[in-house]
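Starting from the given sequences, assemble the full structure and let the hints guide the process.
There are 2 protein chains.
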Amino acid sequence: MPQKFKVVVTRQLIDEAQKLLEDVSDLDVVQWPSEDQPAERSWLLDNAQGASGLLVMLSDKVDQELLDAAGNDLKVIASFSVGTDHVDTAVLRKRNIRLGYTPTALTDAVADLTIMLTLMAQRRGGEAIGKVIKGEWPKMPWSPLLMTGPQIGGSTVGFLGFGRIGQATLKRFIPFGIKRARYLTSKPGQPAKEDHFGLLKEGKIPIEPAQNWEQLARESDVVIIGCALTPDTKHLVGKDFLAKMKKTAVLVNIARGPVVDTDALVAALDKEAIFGAGLDVIENEPNIPADHPILKQPRCVLVPHIGSATIETREQMATESVKNLLAGLKGEAMVNEVQL
Amino acid sequence: MPQKFKVVVTRQLIDEAQKLLEDVSDLDVVQWPSEDQPAERSWLLDNAQGASGLLVMLSDKVDQELLDAAGNDLKVIASFSVGTDHVDTAVLRKRNIRLGYTPTALTDAVADLTIMLTLMAQRRGGEAIGKVIKGEWPKMPWSPLLMTGPQIGGSTVGFLGFGRIGQATLKRFIPFGIKRARYLTSKPGQPAKEDHFGLLKEGKIPIEPAQNWEQLARESDVVIIGCALTPDTKHLVGKDFLAKMKKTAVLVNIARGPVVDTDALVAALDKEAIFGAGLDVIENEPNIPADHPILKQPRCVLVPHIGSATIETREQMATESVKNLLAGLKGEAMVNEVQL
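Those protein sequence lines, which keep their order, are chains A and B. With the numbering used here applied, the first sequence corresponds to residues 1 to 340, in that order. With the numbering used here applied, the second sequence corresponds to residues 1001 to 1340, in that order.
No lab work stands behind these hints, which were simulated from the structure alone. Idealized CB from N, CA, C, for every residue including glycine. Treat the hints with care, as some may be off.
What the hints assert, rightly or not - Simulated crosslink set (BS3-like; lysine-lysine; CA at most 30 Å straight-line): (1) A:K201 x B:K1179; (2) B:K1139 x A:K204; (3) A:K234 x A:K271; (4) A:K239 x B:K1131; (5) B:K1075 x B:K1171; (6) A:K131 x B:K1061; (7) A:K131 x B:K1179; (8) B:K1139 x A:K134; (9) A:K234 x B:K1171.
Unchecked claim - For the chain B half of the interface with chain A, some residues (derived, Cβ under 10 Å), not all of them: (10) I1014; (11) G1154; (12) T1156; (13) K1234; (14) P1289; (15) M1317.
Stated by the list, open to error - Which residues of chain B face chain A? A few of them, derived with a C-beta cut under 10 Å, are: (16) L1045; (17) G1153; (18) R1172; (19) A1290.
Pasting the structure below:
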């Protein structure tokens, strides 16, 4: 690099990524000192001045105010995130600033968690743990139907949204002996545009588009929500959808909370209209107090948005963020760049 | 059938099995009236008299006393179970009474649960649910390593015991991107006798015998216990085994509790010598009170022996038990018979 670039990084990074950053001799790195706590806004605004690049977290708002504080040298924002809701892309476009992000790193970690949540919803994982923790096991006489749930083998799995994560999940489901997959994308009834892992081509089981959400709800033993949140998908899984689901079916949401109408889900679980649910996300997260009605449902498992929370994935996201930052400074190709 | 056989059944059975039993016109069926509660011993002894067959649960002891109460017409015991620890097989052999059981029905259900427990141990499932239930989510600031665990992709999975359930588990693990499997049977270093699902032949990943338990403990990122309980396997996973495991590895027990030394496991979790554990079984189950030390370990998940607890599997076990009973009466081949 011909000149010394100032870059601001809003976290301490994980081993390899931190090393990658420190090994570049032509950088003047200003870095928030904590690994756990988000950077204070005032610190970021004060330090952004004169920066050529910013490496930011989901918790850092990238807006007009920040860009003004940075000034005219700013060339690149590298966001350590899959989503870019925290970034005002219109302002970046106007100023010709590039935006890197890390959307592909987390596919496997999220697909793994989707399998975990599906099995927990079917096999009553939360309820089972709860009974043992409360000391109820000694008083549970064995009976043939004690703590039974539906089995994944032979089931139809329905995907709301069928991108990379949905397909990675389906790939994992196949050796569990599922019978069929249905998917609904923004173009109902049409074949999926991409076949990320060759599953459609391989044809081990029928993998077919649903004609509409009603068909997907009606036929599925497992419904996996893996779609983006848009005005069309907000509360797509509400009262009507849940009413069409089988009583033995489970719902799994690993996408965005507001795709599911939480009140409708609580009501469906209350009257046993569906068998159970597994949620990595929920409306109004993380503001879920201990008395939230969803937490009173023994057949619902809720984890705190840990889809991508593996050490390997977070390391890869950190490393890719640094690579995107450096590529932005040098005018080279990023690992993943948002087309503004 | 030439004559009317008296049979005693110690539970109400599930739909299809109950129907199968009731449809046989030549049977005189005496049946315990509850689906949930085990038959009382005195009821069983009183009613056994003159029975040609007994369909019993794991909770019913089949011993000299019961056989004496039944008398000389008894031809068959059909046990609704995988194990036969509750049956005195020596006495059966002496009296030439056949014994049916249901060992194969539950392979898929147990393998499914093994995947669930593995992912929960890696992804901190119990801890994650606990934090949400306690209302801690709102106070958990996001950070790159928050709630992270190891990722299954790229890992080596080690199997202690490599029978049908272990191999069914491995089949499911392959599309998660595991790198290698190791197994230890009663003949260390020798290739597995059976290749139940063609995985060894297929060779998608290296699947190799371990030379000894030390090698398996040292190399595995996931250790799955799926062996029988014998004098050789009791406390096989104790202090020494756990000390050889990787700090990032998880232990999963879906076999029998006493294969693991619980005190040693608690000590290993306490000092973070391993990453976590997922248990379907434990020493002294079901007598695990709320203040049991294992329940204080946030990285350990314990469920109440629900390996085979799916509706489909329990229905199949019930149906097979009835078939075994009828086959025993008619002198025909059983679905699964213990060679006494």
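Do the hints match the structure? See the list:
1. A:K201 x B:K1179: 24 Å, holds
2. B:K1139 x A:K204: Given that 30 Å is the threshold and the Cα spacing comes to 45 Å, the pair is violated.
3. A:K234 x A:K271: Given pair K234 of chain A, K271 of chain A holds - Cα atoms ~23 Å apart, limit 30 Å.
4. A:K239 x B:K1131: Distance ~28 Å between K239 of chain A and K1131 of chain B Cα, so the pair holds.
5. B:K1075 x B:K1171: The hint is violated at about 39 Å.
6. A:K131 x B:K1061: It holds: about 27 Å lies between the C-alpha atoms, which stays within 30 Å.
7. A:K131 x B:K1179: Distance of about 36 Å is beyond 30 Å: violated.
8. B:K1139 x A:K134: Distance ~25 Å between K1139 of chain B and K134 of chain A Cα, so the pair holds.
9. A:K234 x B:K1171: At roughly 37 Å apart (the allowed maximum being 30 Å), K1171 of chain B and K234 of chain A break the hint.
10. I1014: 6 Å, holds
11. G1154: 7 Å, holds
12. T1156: 14 Å, violated
13. K1234: 22 Å, violated
14. P1289: 5 Å, holds
15. M1317: 7 Å, holds
16. L1045: 19 Å, violated
17. G1153: 5 Å, holds
18. R1172: 5 Å, holds
19. A1290: Holds - the Cβ of A1290 of chain B comes within 10 Å of chain A, reaching about 3 Å at its closest.
Going down the numbered hints, you'll see the structure goes against 2, 5, 7, 9, 12, 13, 16, while the others check out.
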